[in-house]
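Student: Here is how the chains run, residue by residue.
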Amino acid sequence: RKEVEQDPGPFNVPEGATVAFNCTYSNSASQSFFWYRQDCRKEPKLLMSVYSSGNEDGRFTAQLNRASQYISLLIRDSKLSDSATYLCVVVPGDYKLSFGAGTTVTVRA
Amino acid sequence: NAGVTQTPKFQVLKTGQSMTLQCAQDMNHNSMYWYRQDPGMGLRLIYYSASEGTTDKGEVPNGYNVSRLNKREFSLRLESAAPSQTSVYFCASSPRKNTEAFFGQGTRLTVV
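Line by line, the protein sequences give chains A and B. Counting in this note's numbering, the first sequence runs from 1 upward without gaps. Counting in this note's numbering, the second sequence runs from 110 upward without gaps.
Straight-line alpha carbon distances no greater than 20 Å define the calculated SDA-like cross-link-like pairs of lysine to any residue that follow:
id : chain 1 : residue 1 : chain 2 : residue 2
1  : A       : Lys-96    : B       : Asn-171
2  : A       : Lys-45    : B       : Asp-135
3  : B       : Lys-118   : A       : Gln-38
4  : A       : Lys-96    : B       : Lys-180
5  : A       : Lys-42    : A       : Asp-82
6  : A       : Lys-2     : B       : Pro-148
7  : B       : Lys-166   : B       : Glu-182
8  : A       : Lys-2     : B       : Arg-153
9  : A       : Lys-42    : B       : Thr-114
10 : A       : Lys-45    : B       : Ala-111
11 : B       : Lys-118   : A       : Arg-41
12 : A       : Lys-96    : B       : Gly-167
13 : B       : Lys-206   : B       : Asn-179
14 : A       : Lys-45    : B       : Gln-214
15 : B       : Lys-206   : A       : Asp-94
16 : A       : Lys-96    : B       : Asn-139
17 : A       : Lys-96    : B       : Arg-181
18 : A       : Lys-96    : B       : Gly-162
19 : A       : Lys-42    : B       : Arg-217
20 : A       : Lys-45    : B       : Gln-146
21 : A       : Lys-2     : B       : Val-169
22 : A       : Lys-2     : B       : Gln-146
23 : A       : Lys-79    : A       : Thr-106
Since the hints were made in silico from the structure, they are not lab data.
Using the sequences provided together with the hints, build the complete structure.
Tutor: Encoded structure:
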């Protein structure tokens, strides 16, 4: 079983829509969680950290469910510029970040 | 405001050739990483260096070697390139364990 699994999508949504997707992780001892964004042929960039209480950054909301071992990302009022691949990242408590394969989101006009 | 700098950005090698990918960070981070990214597989950790003077294998270390030259620099060497090493290579750094990592722009390597 992979350490981090994501629905690859693609999620194809109109501008203004809400889109949400999850990521599951296998190591129950994992301590840190992040969402990264990757544009085509570019490096991954940190979108937001994910805290146990859930957190929001503008139109983006991240949630952590430790009992079921998943994290989620919700994007409200989608913009064309939100089109990207979103990478789920889990840190099991050491130095190694484990990446999911990514969820592709395409926002259409 | 350089962050993490990788060189070269593109490289084509013939099977059996060797090369070194260079990576430097100016954020005074302790930990550095080398990942490779292949279609549909996500980023896979090749080697990492938790702190200056230490290196450890990641998920896919075979065919690679690394050197943590100093706190700023972490190089990745392919001694005898193989077509299976065709990939995009990313270097990253993080301030300490359990924290986010910051990535360089990547090196697109093709082995023919």
